[in-house]
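Peer 1: One letter stands for each residue in the lines below.
2 protein chains.
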Amino acid sequence: MSSSGDIEALIEMMARLPGLGPRSARRAVLQMIRKKELMLIPLADLMHHVGASVRDCVECGNIGSSTICDICANEKRATGEICVVEDVADLWALERSGVFRGRYHVLGGTLSALDAVGPDELRIPKLIQRVQDEAVSEVILALNATVDGQTTAHYIADQLEGRVRLTSLAQGVPIGGELDYLDDGTITAALRARKDL
Amino acid sequence: MSSSGDIEALIEMMARLPGLGPRSARRAVLQMIRKKELMLIPLADLMHHVGASVRDCVECGNIGSSTICDICANEKRATGEICVVEDVADLWALERSGVFRGRYHVLGGTLSALDAVGPDELRIPKLIQRVQDEAVSEVILALNATVDGQTTAHYIADQLEGRVRLTSLAQGVPIGGELDYLDDGTITAALRARKDL
Numbered sequence: 115m116s117s118s119g120d121i122e123a124l125i126e127m128m129a130r131l132p133g134l135g136p137r138s139a140r141r142a143v144l145q146m147i148r149k150k151e152l153m154l155i156p157l158a159d160l161m162h163h164v165g166a167s168v169r170d171c172v173e174c175g176n177i178g179s180s181t182i183c184d185i186c187a188n189e190k191r192a193t194g195e196i197c198v199v200e201d202v203a204d205l206w207a208l209e210r211s212g213v214f215r216g217r218y219h220v221l222g223g224t225l226s227a228l229d230a231v232g233p234d235e236l237r238i239p240k241l242i243q244r245v246q247d248e249a250v251s252e253v254i255l256a257l258n259a260t261v262d263g264q265t266t267a268h269y270i271a272d273q274l275e276g277r278v279r280l281t282s283l284a285q286g287v288p289i290g291g292e293l294d295y296l297d298d299g300t301i302t303a304a305l306r307a308r309k310d311l
Numbered sequence: 115m116s117s118s119g120d121i122e123a124l125i126e127m128m129a130r131l132p133g134l135g136p137r138s139a140r141r142a143v144l145q146m147i148r149k150k151e152l153m154l155i156p157l158a159d160l161m162h163h164v165g166a167s168v169r170d171c172v173e174c175g176n177i178g179s180s181t182i183c184d185i186c187a188n189e190k191r192a193t194g195e196i197c198v199v200e201d202v203a204d205l206w207a208l209e210r211s212g213v214f215r216g217r218y219h220v221l222g223g224t225l226s227a228l229d230a231v232g233p234d235e236l237r238i239p240k241l242i243q244r245v246q247d248e249a250v251s252e253v254i255l256a257l258n259a260t261v262d263g264q265t266t267a268h269y270i271a272d273q274l275e276g277r278v279r280l281t282s283l284a285q286g287v288p289i290g291g292e293l294d295y296l297d298d299g300t301i302t303a304a305l306r307a308r309k310d311l
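Taken in order, these protein sequences are the chains called D and Z. Per our numbering, numbering through the first sequence is continuous, rising by one, with the last residue being 311. Per our numbering, numbering through the second sequence is continuous, rising by one, with the last residue being 311.
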C-alpha cells in the first residue's frame, strides 16, 4: 500500500518538472523502476549529491560546488569582460557556443514592475561593484530580447554609462533562418542593422 | 569543479528518461536546483524510498511494496476475472478508467521472434497456472492492438482454449474520434463490428 502511494507521489512530483506532464511522468517513473539499479538509485544518489554540494557563486551568481564557481576560479578566463545574463540556463547556452572567454554575471531574473522585482532583488548592485573593483573594460548585456529583458538592459546601461564600454548582442536573422518564417520585428531589426558586403 | 560535473551527470541521466531530451533535462535540473528544498531533496528521498521498497507482485506481476500487490491483496476485487495486460502502464490506464473490478495479470512484454522473447520470458506459464488454481471464469486479453500484442493474444488464447471464457477489448471508433482522422484499419474494424441501434 505505502509503496503505491510513494510511486504516485513520485509521479506527481516528476510531473511538476518543466517539460513533463502526468503521462510522461508516469512513463519516466515506470522506466526508472524497471531499470532500478541503472536509473532510479543512481539518479537519487546524484540528486542527493548535487543537493548537498550546489551553491551560488558569490562573485557571479553561477551555480557550482564552492563559493567561487569554476568560471570565476579559472584564471584563463579574461577578467576584463563581463557578460550579463538573466539566469544560469543562458550562461550554459553561451558556454555551449564556446566563443566567449570572459566572465559572467547572472542577474537571477529581470526587473519587473508586475512581480515587484527591483534592482536589489537581482544582482545589479553586485555587478556595479564588480565593474568598480575589477579592471572591467566591457560589459556585454546578453539579456533576452523580451520587454523585461530589454528594460533591465536599459536600467543597467543607465547605471554603468560612462564607466565602461557597454555592448549588447546583435539582433538579426538567425543562422539557417528563413525570412518567410521570421516575425516583422526581427526583419526590421535585421534591415536596420544591415552591413556593407 | 566536482559539482559542475555532477550537475552535468544529472542532466545526462535525466535526458535518458522517456519524454525528456537534453534541452528539457537541463531546464528540469535547473528548476530542481532552484527549488532545492521543495524539489531536488524530496525527489531524491522519494526515489530512494521507492527504490528500496518496490517489488513485483508474485501473483500478477504488478509493482508494489510487498510480495502481493494492492490489487491482489484487495478482497473486494473479483477473483473470477483476470485482465491480461502487457505492462504496468497498461494496468494503470485500465485502473484510471475505474470500470474493471477484477484482477490483473501483467505479462511484462509481448512474444517477439525478433527479440527472442518466448512464453517463458513472459509470465504466461504463471497465467496458465492461475487459471488452473483460481476459480477463474473469464480471461480478458487487453493487449495492445499491435502485431506483437495480437500474436501474444492468439498464443494465450490457444493455450487456454476450452478451459475458460476468453474475451478481448472491443475495437472501433474511439470516443470523440473523427472518422476523417482515423486510419483505415480502425474504420474497417468499426464497420465489421457495427451494432444494431
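Simulated from the structure, these hints should not be mistaken for laboratory data. Ideal Cβ positions, reconstructed from N, Cα and C, are used throughout, including at glycine. Hints may be right or wrong, so weigh each one.
Claimed, not checked - From the derived model, a few chain D residues whose C-beta atoms are all more than 12 Å from chain Z:
hint	residue
1	Ile147
2	Met161
3	Ser211
4	Gln243
5	Val278
6	Thr302
Said to hold, decoys possible - Covered by chain Z, according to a simulated footprint, are these stretches of chain D (three or more residues, beta-carbon under 8 Å):
hint	segment
7	174-187
8	195-209
What the hints assert, rightly or not - Examples of chain Z residues toward chain D, derived with CB under 7 Å:
hint	residue
9	Met127
10	Ile185
11	Arg191
Peer 1: Quick check: which numbered hints come out false for this structure?
Peer 2: 1, 2, 10 and 11
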